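Colleague: Listed below, chain by chain, are the residues.
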Amino acid sequence: MKIVAAMSGGVDSAVAAARMVDAGHEVVGVHLALSSNPQKYRSGARGCCTIEDSHDARRAADVIGIPFYIWDMAAEFHEGVVENFMAEYAIGRTPNPCLRCNEKIKFAAVMERAKALGFDGVATGHYAQMHETELGRVMYRAVDPGKDQSYVLAVLNTDQLAGAYFPLGDTVKDDVRKEAKARGLYVANKPDSHDICFVPSGDNAGWLRDRLGSDVGPIVDEDGTKLGEHKGAYTYTIGQRKGLGITIPAAGGEPRYVLKIEPKTNTVVVGNHEALAVSGITGEKAIWCGPVPAESTEYRGFAQVRAHGTPLPCTYSHKDGFISVSLDEPLFGLATGQGLVIYDGDRVVGSATVCATE
Amino acid sequence: MSIYLDHAATVPMVDEAVQALTAQMRIVGNASSLHSDGRAVRKAVEDARMSLADVVGCEPSEIIFTGTGTEADNLAIKGFYWKAVAANPTRTTILSSAIEHHAVKDPIEWLVDHEGATSVEIPVLRNGVIDIDFVRDYIAANKSAIALISVMHSNNEIGSLQPIREIVDIAGDIPVHTDAVQSLGKVDFNFAALGATAATISSHKVGGPLGVAALILKRGLDITPVTHGGGQERDVRSGTFNAPSIVAFAAAARAALSNRDSQSSRIAALRDSAAARILQAIPDATINGVAGLPGILNISFPDTESEALLLLLDSEGISASAGSACSAGVSRPSHVLLALGRTEEEAMSSLRFSLGSTTTQAEIDRLVEILPSVVQRARAAFSVKK
Chain A
1 MKIVAAMSGG
11 VDSAVAAARM
21 VDAGHEVVGV
31 HLALSSNPQK
41 YRSGARGCCT
51 IEDSHDARRA
61 ADVIGIPFYI
71 WDMAAEFHEG
81 VVENFMAEYA
91 IGRTPNPCLR
101 CNEKIKFAAV
111 MERAKALGFD
121 GVATGHYAQM
131 HETELGRVMY
141 RAVDPGKDQS
151 YVLAVLNTDQ
161 LAGAYFPLGD
171 TVKDDVRKEA
181 KARGLYVANK
191 PDSHDICFVP
201 SGDNAGWLRD
211 RLGSDVGPIV
221 DEDGTKLGEH
231 KGAYTYTIGQ
241 RKGLGITIPA
251 AGGEPRYVLK
261 IEPKTNTVVV
271 GNHEALAVSG
281 ITGEKAIWCG
291 PVPAESTEYR
301 GFAQVRAHGT
311 PLPCTYSHKD
321 GFISVSLDEP
331 LFGLATGQGL
341 VIYDGDRVVG
351 SATVCATE
Chain B
1 MSIYLDHAAT
11 VPMVDEAVQA
21 LTAQMRIVGN
31 ASSLHSDGRA
41 VRKAVEDARM
51 SLADVVGCEP
61 SEIIFTGTGT
71 EADNLAIKGF
81 YWKAVAANPT
91 RTTILSSAIE
101 HHAVKDPIEW
111 LVDHEGATSV
121 EIPVLRNGVI
131 DIDFVRDYIA
141 ANKSAIALIS
151 VMHSNNEIGS
161 LQPIREIVDI
171 AGDIPVHTDA
181 VQSLGKVDFN
191 FAALGATAAT
201 ISSHKVGGPL
211 GVAALILKRG
221 LDITPVTHGG
231 GQERDVRSGT
241 FNAPSIVAFA
251 AAARAALSNR
261 DSQSSRIAAL
271 RDSAAARILQ
281 AIPDATINGV
291 AGLPGILNIS
301 FPDTESEALL
311 LLLDSEGISA
321 SAGSACSAGV
331 SRPSHVLLAL
341 GRTEEEAMSS
351 LRFSLGSTTT
361 QAEIDRLVEI
371 LPSVVQRARA
381 AFSVKK
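Protein chains in written order, with the UniProt record's numbering: chain A, 1 to 358; chain B, 1 to 386.
Source of the hints: derived by calculation from the structure; they are not laboratory data.
Small disclaimer: the values here were computed from a predicted structure and weren't measured.
All C-beta atoms in this analysis are idealised placements derived from N, C-alpha and C, irrespective of residue type, glycine included.
Any given hint could be a false lead.
The following label-pair restraints were derived from C-beta to C-beta distances [unchecked claim]:
no.: 1; chain 1: A; residue 1: H131; chain 2: B; residue 2: E316; range: 32 to 38 Å
no.: 2; chain 1: B; residue 1: Q376; chain 2: A; residue 2: P291; range: 47 to 53 Å
no.: 3; chain 1: B; residue 1: S262; chain 2: A; residue 2: E79; range: 43 to 49 Å
no.: 4; chain 1: B; residue 1: T227; chain 2: A; residue 2: D210; range: 56 to 62 Å
DSSO-like mimics (lysine-lysine), calculated; alpha carbons at most 30 Å apart, straight line [to be verified]:
no.: 5; chain 1: B; residue 1: K385; chain 2: A; residue 2: K104
no.: 6; chain 1: A; residue 1: K115; chain 2: A; residue 2: K2
no.: 7; chain 1: A; residue 1: K181; chain 2: A; residue 2: K2
no.: 8; chain 1: A; residue 1: K231; chain 2: A; residue 2: K190
no.: 9; chain 1: A; residue 1: K242; chain 2: A; residue 2: K260
no.: 10; chain 1: A; residue 1: K104; chain 2: A; residue 2: K190
no.: 11; chain 1: A; residue 1: K285; chain 2: B; residue 2: K385
no.: 12; chain 1: A; residue 1: K242; chain 2: A; residue 2: K2
no.: 13; chain 1: A; residue 1: K104; chain 2: A; residue 2: K319
no.: 14; chain 1: A; residue 1: K226; chain 2: A; residue 2: K190
no.: 15; chain 1: B; residue 1: K143; chain 2: A; residue 2: K2
no.: 16; chain 1: B; residue 1: K385; chain 2: A; residue 2: K115
Chain A side only, calculated, beta carbon under 10 Å to chain B, not exhaustive [said to hold, decoys possible]:
no.: 17; residue: K2
no.: 18; residue: K115
no.: 19; residue: S214
no.: 20; residue: V216
no.: 21; residue: P218
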C-alpha cells in the first residue's frame, strides 16, 4: 500500500513510519505544520510543531529512507481545533482538543488529501490496535496501558478507521524507545509530549484569559449566595478545588469544589464533594468505531471520560445520536465538552461529547 | 535514476572541477605562509584567480573569494551601505528590485531594521523585467540619498534578464551591485563590459564545488568588511584561502564558458519544446516571465498546489522545485511571482523546472508524458482542501 506516515518529530511516529516500511508499504513521511507562527525550539514536553520538531522529523525520515514533506495545515487546525477549543470554553464546556485534532485534521484533512494524492491510508504513532474480527476492522486498546491512546482516537468513524494504521499498538513504550535506538533514530530519547500543543507556555488559564477576556464575576454556592469573585470564568474546571480564593468557610469546614460554570451570567458555582457525583451521563454527536449497536437497547460496557481515566462499568444505550450512560458507581466531577468513550472490554465501541450529567 | 530538473538550485560537479579539487586537497600549505609549501599553494590560488578573472572579464585583483554567494551578497549590501553612510550619513537609501534573492533581500531588510536604512524596491513588469523608467525617475529625484543599487543579473525563479548596463548608465557614481550567480556560464557575462561596481558569482551553480563563491569588486574600491581577521582578500574579506575549492571553481567556470554557447542553445531548445508541449497538454497552464536564462521554465497550474505537484513528481523520480519560498518549512507564495502581479493562488500553484547540461530529450519526453496525470491528481487534492 501507499501510506502517509504523519511524523511529529517524536520517537513514536518515527518508529511507526519505520515499521510501515518494514511491512513492505511505500511510505511517505509528512510533518504537519499546525501553527502559522511556529516556535523555534521545543520547550520541555510541550508543543509538537516547533521548527526543531520538523527538523527532527525530516532527519528521522532520512534515516528511515523515505521521502519527507511538510504539509501546511495551520488554517485547518486553527478552524477545526483552536477555534472549537475557544468556542467550547466560551459556552462553559471543557473540550479535549486532541480528540478534535484526530477527528478533523489527522484522519480527515490529512486522510482526504492523502487519498486524493493516491495514498491508501495514514499511519501514526498512536498507541492503539486495529484488529480484523468477525465485527470487521475494529479498534482495541494498546497493550501498554500507560500509553493507550484509544480514547483520543474514539472520535474516528469506521470510514476513517478503514484507512488508519497504528503500528505501535502491540508494543510497550520502553520497547519503542529501544527500537528507535536500534534503528539509529536520534529522537529515541526525546521526551513525550503532553499538554496542549498550541499553548506553548502551558498556561491554559492565561491563554484563555487573553482570548476570552477576564471579566470578574461572582463565585456562588448552590443556593446562589455569593462567596467571592473570580477572574474569568473560563479559567476554572469542574472539580477544581485549589485557587478558588474563597475566604468564607463552608458549614462543617468541608472543602469546596467547582460544580458548574455559567458563562451567560459569568458565574462559577461551588459546592461540596458529594455535589460533584455523577451517575448518569448523556453524550451528543455519537461516533461509532465499529458496528452500530441497536438503538434504544441497553448494553453492558465501560465508560471512560478522560484520556488516561479509569474505565467505569456501566450500562449504555443510544438513540438519535445521543448516548446515555448509567454508571454502576458514581464518578466525581465531569465537565461537559469532555469525550465520553464506550468500551466493550478492550474494544472501542464509540464515543460522544458529554453534554449533560446528573 | 532520477530526472534532475533543478539545475537552478545546484548542478552536478564537472570532471574538471572534481579533478582540480581532489588534486589540490592532497597538497599541504596555507597560501598565506611565506615558506615554499605556502608559496606553492598561493601560486595555485592566484593562477585560479587569474583564470577566473579571464572567464568573467575582470582584473584578477577584483575577485574577492568568499564562502558562499549569500556571503558575497551580504558583503556587497552591507559593505557598500556602511561605506556610503560613513562618508555621508544622509545616503541611506538602498535601491533594489522587487524580485531579488533572499541573499540580497534579507540583508537589506536587516539594514532597515537595525541600521536606519531605507529600502526602495523597483517594480517589475509582467514579463519579469524591472521597470527601467522607475529607476530613471527615482534616481533623478533622489540621487544624493542613494547608498547603493542592487539588481540581480538574472532571476533564479523565472529566469528573466535584467538591464544592468542601462542601470549602470543611469546610476552615474552610485555603486551598482548585481547578483549574477544564475547568469555565469549560461548567458553572456563580462564584468568590465557590464560596468557594474560589484557582482556576485558562485561556484556550485557552474559545476564547481559548494562552499566557494566570489564578490567581484571594482579595483581600488574597498568596502567596509563584514568579517574581520587576517585580511586575506584585500582586507575586505578575511579567512584562510580555500585553495582546493578556489582552484576547482576556476576550472568549472572555464569549462562552463567553453561549453556555454552550444549548451545554451541546446538547453533553450529543450526548454522551448517542453513549454509548448506542456501548454498543449494542459491548456490552462500559464508561463511566468519571458524567456531569459536558457534553462528556466516557471509554470502555474491553476487549481493545484505546488507542494502536491512536487510530491507526485518526486514519486515519479522527477526533481523540480516550487515557485514558492520555504519559510519555516512551510511554503509561502513567492515574492517574485507576486511582484509579477500573480495572485497568491497562482504563485502557490507554480513549479520551476530548471534544465542544465545533463538534461536530455528523453527526460523532457518523460516529464511531458507524466505531467498531465500529476496535475490531474494534484487538482483532486486541491478540491478536497477547498
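Colleague: If a hint holds in the structure, say so; if it doesn't, say that too.
Modeller: How the hints compare with the structure:
1. The hint said 32 to 38 Å for the Cβ distance between H131 of chain A and E316 of chain B, and at roughly 35 Å that hint holds.
2. In this structure, Q376 of chain B and P291 of chain A break the distance hint of 47 to 53 Å, their C-beta atoms being roughly 37 Å apart.
3. Separation of S262 of chain B from E79 of chain A is about 55 Å and departs from the stated range, judged on CB atoms against 43 to 49 Å.
4. At about 43 Å, the CB distance of T227 of chain B to D210 of chain A disagrees with the hint of 56 to 62 Å.
5. Of the supplied pair hints, the one linking K385 of chain B and K104 of chain A holds, its CA atoms being roughly 12 Å apart against a limit of 30 Å.
6. Straight-line distance between C-alpha atoms of K115 of chain A and K2 of chain A comes to about 9 Å, which keeps the hinted pair within the 30 Å bound.
7. Distance check on the hinted pair: K181 of chain A and K2 of chain A sit about 26 Å apart at the alpha-carbon level, within 30 Å; holds.
8. A threshold of 30 Å between alpha carbons decides the hint, and for K231 of chain A with K190 of chain A the separation of about 37 Å lies outside it, so the pair is violated.
9. Note on K242 of chain A and K260 of chain A: the hinted pairing holds, with a Cα-Cα distance of about 15 Å set against a maximum of 30 Å.
10. The straight-line distance between the Cα atoms of K104 of chain A and K190 of chain A is roughly 27 Å, inside the 30 Å bound, and the hint therefore holds.
11. Distance restraint check for K285 of chain A and K385 of chain B: the Cα-Cα separation of roughly 24 Å lies within the 30 Å cut-off, and the hinted pair is therefore satisfied.
12. Of the supplied pair hints, the one linking K242 of chain A and K2 of chain A is violated, its CA atoms being roughly 50 Å apart against a limit of 30 Å.
13. Between K104 of chain A and K319 of chain A the alpha-carbon distance is near 24 Å, which keeps this suggested pair within the 30 Å criterion.
14. About 48 Å separates the Cα atoms of K226 of chain A and K190 of chain A, which puts this hinted pair outside 30 Å; it is violated.
15. Straight-line distance between C-alpha atoms of K143 of chain B and K2 of chain A comes to about 61 Å, which puts the hinted pair past the 30 Å bound.
16. Only pairs whose Cα atoms come within 30 Å are accepted, and K385 of chain B paired with K115 of chain A is accepted, the gap being roughly 12 Å.
17. The interface hint given for K2 of chain A holds, since its Cβ lies 8 Å from the closest Cβ of chain B, which is under the 10 Å cut-off.
18. Of the supplied interface hints, the one on K115 of chain A holds, with its beta-carbon coming within about 8 Å of a beta-carbon of chain B, less than 10 Å.
19. Annotation: S214 of chain A was flagged as interfacial toward chain B, and the flag is violated, the nearest CB pair being 31 Å apart, outside 10 Å.
20. For V216 of chain A, the suggested interface contact is broken, since its CB lies about 39 Å from the closest CB of chain B, more than 10 Å.
21. Interface restraint check for P218 of chain A: the shortest CB-CB distance to chain B comes to about 44 Å, outside 10 Å, so the restraint is violated.
Of the numbered hints given earlier, the model fails hints 2, 3, 4, 8, 12, 14, 15, 19, 20 and 21; all others are met.
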